[in-house]
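Undergrad: Chains as they are written, first to last, in this note's numbering: chain V, -10 to 150; chain U, -10 to 150; chain P, -10 to 150; chain Y, -10 to 150.
Hints listed in this document are in silico derivations from the structure and should not be mistaken for laboratory results. Do not rely on the hints blindly, as some may be mistaken.
Calculated from the model, a selection of chain Y residues having no Cβ within reach of chain U, i.e. all distances over 12 Å [unchecked claim]: (1) V10; (2) N11; (3) P71; (4) P122; (5) E138.
Examples of chain U residues toward chain P, derived with CB under 10 Å [said to hold, decoys possible]: (6) A25; (7) D43; (8) G47; (9) R123.
Keep in mind that this is a model prediction, so the values were computed, not measured. Every residue gets a Cβ at the ideal spot worked out from N, C-alpha and C, and that includes glycine.
Below are the chains, spelled out letter by letter.
There are 4 protein chains.
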Amino acid sequence: MSRLQVLVQLRWSDMDAYGHVNNVAMLTLLEEARIAAFWSRPSGAPAPTTAVLDAGPGADSHTLVARQEIEYLRPLGYQREPVTVLLWLGHLGGASLDVCYEVRDVAPDIATSTVVARAISTVVLVDAASGRPRRMTVTERDAWTPYLEEPLTLRRAARDR
Amino acid sequence: MSRLQVLVQLRWSDMDAYGHVNNVAMLTLLEEARIAAFWSRPSGAPAPTTAVLDAGPGADSHTLVARQEIEYLRPLGYQREPVTVLLWLGHLGGASLDVCYEVRDVAPDIATSTVVARAISTVVLVDAASGRPRRMTVTERDAWTPYLEEPLTLRRAARDR
Amino acid sequence: MSRLQVLVQLRWSDMDAYGHVNNVAMLTLLEEARIAAFWSRPSGAPAPTTAVLDAGPGADSHTLVARQEIEYLRPLGYQREPVTVLLWLGHLGGASLDVCYEVRDVAPDIATSTVVARAISTVVLVDAASGRPRRMTVTERDAWTPYLEEPLTLRRAARDR
Amino acid sequence: MSRLQVLVQLRWSDMDAYGHVNNVAMLTLLEEARIAAFWSRPSGAPAPTTAVLDAGPGADSHTLVARQEIEYLRPLGYQREPVTVLLWLGHLGGASLDVCYEVRDVAPDIATSTVVARAISTVVLVDAASGRPRRMTVTERDAWTPYLEEPLTLRRAARDR
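One chain only, chain V, in its complex shape (with noise of 0.2 Å):
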């Protein structure tokens, strides 16, 4: 089981008035730590081997989120440390995958922290020209296949239950 530990720092502005880390704030947040996961990185900077995506301004090609799905566990206060963001892949398709996230509040010590919330977004890969939909690449299918595991399972809405 491979999954990828980013680190993330807060702003106080992702606080809202109730003095907790803002539900959207939240999506902020592993907007962040996806990037840090999957986009390659100019420099010599140590990354990840699964930041293999060409995806920054510029680039040939575009990531879309498709859906997102998130639970939020319990209300996150302000900390002047990171919070840790394990990331991985719940299913690789043709040209999308699913980005499964687990968002712990205290770094690093992993064992004792607790998970404040748990996500997956469908990541789309795009043509930057055309805005079209475009295959996953050989090189991106070999880094990310490590991180291929048992897809998370979240609460549904109330219909569901």
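Mind docking chains U, P and Y on chain V? Use the hints.
TA: Here is chains U, P and Y on its own, set in the frame of chain V:
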């Protein structure tokens, strides 16, 4: 069948570097629509009949989002006119409700507009002092029941297909 | 004396953990007011006569903010009604303009409202292709000259007092 | 001459539709740098010696921004490495301080980096209970005095040129 119709103004900063409304910003639009539909207004301004929830800052109740699920049907470019958000309730529980949304890109001509996103949020009513869930009041249930209808069925992540 | 009057809707997420509109969010409100006042509208919607700047995404021109100066006169709590922003021009240069703003907390009753912030932005007109400043056109200057008046005098930082 | 040096991580969402860090987002970066430099840390994490301000949520003091002034020297593109913010104090008043910032685009090689923005914020110390300004404590003044130096001189709006 009763649905609430709320207009939400885009901001230029809702766009990301791809030139479309960012996937996370879309959830801020839903937050604004939900507040307009369900929170009471201190002033004498016209409000929907569902706006009975005293959940502003300083109120006895908070509303916490317990889960969200959203699908993006097509990119939403910047527009000066507000988007239209249709809201209804997919479920009324003891201490929570499922809010369903349909976001449409041109207002107010609903008939010819396009659905750009659909979503469900499970919102929990919380006692502000204790931080614990509280029962839905009779006033709330009476105000909201007319908007109870068939919940949205969103596309699943790949695991379920 | 001609001033433009623009209504800008607050968002709940403009508040920070102190329960007031965040100091940075206030500048987003100014950005929205500036766009409403100066950018042309593709649709037939009513617009101020100053809205001649073809500076949306994909346009030939960009507008870059070169400097900003803002003073906060009192905290702005959350309100469901839009704030009123009064705008005028403190200077029209060869390739830039100084936009002056006064933000008032209750709309539309200007007479009894309170000034919560005052600000000045220097905006540079930029050719989108070259990224270089471009001359203000005659159309722009003609549209904007009626709104040219005495610039704001803001409090200085302590060094100047 | 003592200046504090703080690294601040960009977020992809700091970019606007022009593909550069938005002018408003730059002020969020300053907010993060200011918190890192001046707010005390509950944990044992290393912190600058200036971090004596107990101004987090729930603390006895709030910090309110009374004014800000910023100039943008060149567009800041997205980068994965943090930007460097240099901070010092241009003035220590009875109940307020002027924080000066210089934002540089590549860290940690300060020598060859480029200044992208310079700014000054006047921050007022406020008693959280009463909402009124409070005197700077001896501990605060002692911690901050070593960082007091010549304030920034920013370009003026056109009226002063």
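Undergrad: Work down the list of hints and note, for each, if the structure agrees.
TA: Hints and how they fare:
A beta-carbon of chain U comes within 12 Å of the beta-carbon of V10(Y); the shortest separation is about 10 Å. Some Cβ of chain U comes within 12 Å of the Cβ of N11(Y); the nearest lies about 6 Å off, and the non-interface call is violated. Against the 12 Å criterion, P71(Y) stays outside the reach of chain U, whose nearest CB is about 18 Å from its own CB. No beta-carbon of chain U comes within 12 Å of the beta-carbon of P122(Y); the shortest separation is about 23 Å.
Distance check for E138(Y) against chain U: the nearest CB is about 34 Å away, which clears 12 Å, and the non-interface claim stands. For A25(U), the shortest C-beta to C-beta distance to chain P is roughly 8 Å, which falls under 10 Å, so the interface hint holds. Hint on D43(U) is violated. Least Cβ distance to chain P is approximately 13 Å, over the 10 Å limit. Nearest Cβ of chain P to the Cβ of G47(U): about 8 Å, under the 10 Å cut. The hint holds.
A least Cβ separation of about 21 Å between R123(U) and chain P goes past the 10 Å threshold, and the interface hint is therefore violated.
Hint violations for this structure: numbers 1, 2, 7, 9, all remaining hints satisfied.
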